[in-house]
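Taken in sequence, the protein lines are chains G and C.
In terms of our numbering, the first sequence opens at residue 1 and continues consecutively.
In terms of our numbering, the second sequence opens at residue 1 and continues consecutively.
No wet-lab data here; the hints were simulated from the structure.
Mixed in with the good hints, there may be bad ones.
Claimed, not checked - Derived lysine-lysine pairs resembling DSS-like cross-links, with alpha carbons at most 27 angstroms apart: (1) C:235 with G:235; (2) G:174 with G:77; (3) C:77 with G:133; (4) C:77 with G:235; (5) G:77 with C:77.
What the hints assert, rightly or not - Quick list of simulated restraints, FRET-style, between CB atoms: (6) C:81 with G:81: 50 to 58 angstroms; (7) G:81 with C:124: 33 to 41 angstroms; (8) G:243 with C:158: 28 to 36 angstroms; (9) G:81 with C:22: 21 to 29 angstroms; (10) C:50 with G:102: 49 to 57 angstroms; (11) G:117 with C:179: 50 to 58 angstroms.
Said to hold, decoys possible - Over 10 angstroms on every C-beta distance to chain C, these chain G residues come out as not near it, computed from the model: (12) 20; (13) 24; (14) 58; (15) 122; (16) 127; (17) 165.
The structure displayed is predicted, hence computed values, not measured ones.
Beta carbons: idealized from backbone N, C-alpha and C, even for Gly.
These are the residues of each chain, in order.
There are 2 protein chains.
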Amino acid sequence: MPRFCIIIEYDGTNYFGWQRQPGAPTIQEAIEDALAHIVRQPVVLHGSGRTDSGVHATGQCAHFDADTNLAPEVLEKALNSLLPQDIVIRSCLSAASDFHARKSAKSKLYSYSILNHRQRSPVGRFYCWHIVKPLDITAMEKAAAHFTGTHDFGAFEAKGSPRSSSVRTVTQAKWETDGQHLTFFIEANGFLRHMVRNIVGTLVEVGRNRLAPDDIQRILESKDRGQAGPTAPAKGLFLRQVHY
Amino acid sequence: MPRFCIIIEYDGTNYFGWQRQPGAPTIQEAIEDALAHIVRQPVVLHGSGRTDSGVHATGQCAHFDADTNLAPEVLEKALNSLLPQDIVIRSCLSAASDFHARKSAKSKLYSYSILNHRQRSPVGRFYCWHIVKPLDITAMEKAAAHFTGTHDFGAFEAKGSPRSSSVRTVTQAKWETDGQHLTFFIEANGFLRHMVRNIVGTLVEVGRNRLAPDDIQRILESKDRGQAGPTAPAKGLFLRQVHY
Numbered sequence: 001m002p003r004f005c006i007i008i009e010y011d012g013t014n015y016f017g018w019q020r021q022p023g024a025p026t027i028q029e030a031i032e033d034a035l036a037h038i039v040r041q042p043v044v045l046h047g048s049g050r051t052d053s054g055v056h057a058t059g060q061c062a063h064f065d066a067d068t069n070l071a072p073e074v075l076e077k078a079l080n081s082l083l084p085q086d087i088v089i090r091s092c093l094s095a096a097s098d099f100h101a102r103k104s105a106k107s108k109l110y111s112y113s114i115l116n117h118r119q120r121s122p123v124g125r126f127y128c129w130h131i132v133k134p135l136d137i138t139a140m141e142k143a144a145a146h147f148t149g150t151h152d153f154g155a156f157e158a159k160g161s162p163r164s165s166s167v168r169t170v171t172q173a174k175w176e177t178d179g180q181h182l183t184f185f186i187e188a189n190g191f192l193r194h195m196v197r198n199i200v201g202t203l204v205e206v207g208r209n210r211l212a213p214d215d216i217q218r219i220l221e222s223k224d225r226g227q228a229g230p231t232a233p234a235k236g237l238f239l240r241q242v243h244y
Numbered sequence: 001m002p003r004f005c006i007i008i009e010y011d012g013t014n015y016f017g018w019q020r021q022p023g024a025p026t027i028q029e030a031i032e033d034a035l036a037h038i039v040r041q042p043v044v045l046h047g048s049g050r051t052d053s054g055v056h057a058t059g060q061c062a063h064f065d066a067d068t069n070l071a072p073e074v075l076e077k078a079l080n081s082l083l084p085q086d087i088v089i090r091s092c093l094s095a096a097s098d099f100h101a102r103k104s105a106k107s108k109l110y111s112y113s114i115l116n117h118r119q120r121s122p123v124g125r126f127y128c129w130h131i132v133k134p135l136d137i138t139a140m141e142k143a144a145a146h147f148t149g150t151h152d153f154g155a156f157e158a159k160g161s162p163r164s165s166s167v168r169t170v171t172q173a174k175w176e177t178d179g180q181h182l183t184f185f186i187e188a189n190g191f192l193r194h195m196v197r198n199i200v201g202t203l204v205e206v207g208r209n210r211l212a213p214d215d216i217q218r219i220l221e222s223k224d225r226g227q228a229g230p231t232a233p234a235k236g237l238f239l240r241q242v243h244y
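Please construct the entire structure, taking both the sequences and the accompanying hints into account.
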């Protein structure tokens with residue numbers, strides 16, 4: 001059976017995350033259902049990883065096998081004509097039989113958006129975390145630098161996540177600012193559950209001067225979730241790109 | 001009774017426009033109801049002008065009179081605690097008794113956003129007009145220049161709008177481009193019904209090479225709505241600022 005790879009953009013606001021589950025709309029289910037309708041057979045979609053409820057993506061990647069003669073570009077058009085307005089297939093490609101959206105991934109890039117203003121903003125309110133008090137962005141930039149490199153991210157992993165290892169390598173961790181809009185970019189060879197949101201929640205504690213930039217080193221070494229900051233809200237998080 | 005002026009941001013997606021009407025949620029009604037709750041008396045809100053169903057604002061302005069001792073900044077906080085997440089009062093100020101949000105306005109600035117890409121984009125889909133075919137932005141910029149100055153905008157006014165005069169002075173009409181995102185800015189001493197959306201619809205006809213940039217002059221002179229292009233969708237339009 002031919003294998004296909006798709007790049008997906010979605011607005012996660014109205015979904016219970018990526019992974020199919022009974023009784024709740026998910027991204028995986030919406031795409032699998034559309035695919036099954038097109039190729040007239042059940043299709044299993046393998047994502048590069050799960051995204052949580054309310055998290056967005058501009059470059060999620062997934063693969064599937066389907067017994068079809070349809071060309072990838074025809075599949076792409078057919079999918080987009082069936083999918084709701086909050087999901088779009090950006091591209092559909094033929095994939096090698098050994099390509100695997102999760103296992104073949106070399107790294108992933110996430111971004112996290114914050115609106116740092118005394119007032120909430122109605123326009124775009126589903127795409128950022130609103131923080132009223134002015135944040136110390138210089139301190140947050142210093143703190144962010146501590147995340148690059150290979151570390152045990154146990155302190156930034158959701159509790160109760162069984163993993164063989166919580167060691168990951170972060171190749172990029174930086175803030176970009178545009179007036180009241182702060183965006184955090186982080187790229188790593190893999191992410192633990194809630195890792196980006198826990199890192200952002202901790203960086204915001206630094207921005208509020210409740211933690212010092214150099215505390216990050218100590219928190220990493222502690223491997224203790226209780227030492228890090230709270231989990232940032234889902235709505236500011238975007239899966240930007242998966243690199244293979 | 002003291003007079004107050006408020007600057008309002010709203011996401012118009014879920015409203016039937018600005019103006020109060022029976023049986024349909026409107027921005028005016030939402031704010032009047034919140035005000036009445038705070039000052040315990042009916043309040044009439046006078047906007048700088050109406051916005052249509054689905055149109056957004058980051059700087060709508062309105063005034064009201066209320067028999068209250070509350071300071072403007074207290075009113076602002078009270079309003080924002082009552083208003084839904086898609087409306088926010090950006091500021092509340094004391095106004096002179098002869099200030100009138102509509103009559104005192106010297107000019108208004110609108111923007112209109114287009115996503116020019118072969119695919120729709122789920123993220124931010126309520127804030128732009130999606131156009132698939134590549135637009136000729138150079139031609140659109142040339143065409144836009146024809147709108148500046150004092151003209152009779154009869155050809156760009158919604159049919160059946162009775163007006164003493166359709167002459168307006170446009171002080172700014174320009175495109176800004178950022179990759180696939182095109183934004184049109186237009187400032188004038190006043191706008192006719194659907195004027196911005198009709199101008200954008202016509203500029204897009206130029207961008208599709210169905211009209212030449214110099215056709216704008218002819219269309220303006222015709223004062224004939226039938227000569228201009230279609231009305232652009234509401235969702236790309238933002239009332240940015242009212243100048244007094």
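Evaluation of the provided hints:
Pair hint residue 235 of chain C plus residue 235 of chain G holds up; C-alpha atoms about 22 angstroms apart against a cutoff of 27 angstroms. Of the pairs offered as hints, the one joining residue 174 of chain G and residue 77 of chain G is violated, with about 36 angstroms between alpha carbons and a cut-off of 27 angstroms exceeded. At most 27 angstroms may separate the alpha-carbon atoms for a hinted pair to count; residue 77 of chain C and residue 133 of chain G meet this at roughly 16 angstroms. The straight-line distance between the Cα atoms of residue 77 of chain C and residue 235 of chain G is roughly 24 angstroms, inside the 27 angstroms bound, and the hint therefore holds.
With a C-alpha separation of about 48 angstroms, the suggested pair residue 77 of chain G and residue 77 of chain C falls outside the 27 angstroms cut-off, and the hint is violated. Between residue 81 of chain C and residue 81 of chain G the beta carbons are some 44 angstroms apart, a value that contradicts the proposed interval 50 to 58 angstroms. With their beta carbons about 21 angstroms apart, residue 81 of chain G and residue 124 of chain C fall outside the hinted range of 33 to 41 angstroms. For residue 243 of chain G paired with residue 158 of chain C, a C-beta distance near 50 angstroms fails the hint of 28 to 36 angstroms.
For the pair residue 81 of chain G and residue 22 of chain C, the supplied restraint of 21 to 29 angstroms is violated, since their beta-carbon distance comes to about 38 angstroms. For the pair residue 50 of chain C and residue 102 of chain G, the supplied restraint of 49 to 57 angstroms holds, since their beta-carbon distance comes to about 51 angstroms. Between residue 117 of chain G and residue 179 of chain C the CB atoms are about 25 angstroms apart, so this pair departs from the stated range of 50 to 58 angstroms. Non-interface call for residue 20 of chain G relative to chain C: holds, since the shortest CB-CB distance, roughly 19 angstroms, exceeds 10 angstroms.
Here residue 24 of chain G stays apart from chain C, with its beta-carbon at least about 19 angstroms from theirs, past the 10 angstroms limit. Its closest Cβ contact with chain C, about 7 angstroms, brings residue 58 of chain G to no more than 10 angstroms, contrary to its assignment away from the interface. Distance check for residue 122 of chain G against chain C: the nearest CB is about 4 angstroms away, which does not clear 10 angstroms, and the non-interface claim fails. For residue 127 of chain G, the non-interface assignment is contradicted: its Cβ lies about 7 angstroms from the closest Cβ of chain C, within the 10 angstroms cut-off.
No beta-carbon of chain C is positioned within 10 angstroms of the beta-carbon of residue 165 of chain G; the least distance is around 33 angstroms.
Of the hints listed earlier, those the structure fails to meet are numbers 2, 5, 6, 7, 8, 9, 11, 14, 15 and 16, in rising order.
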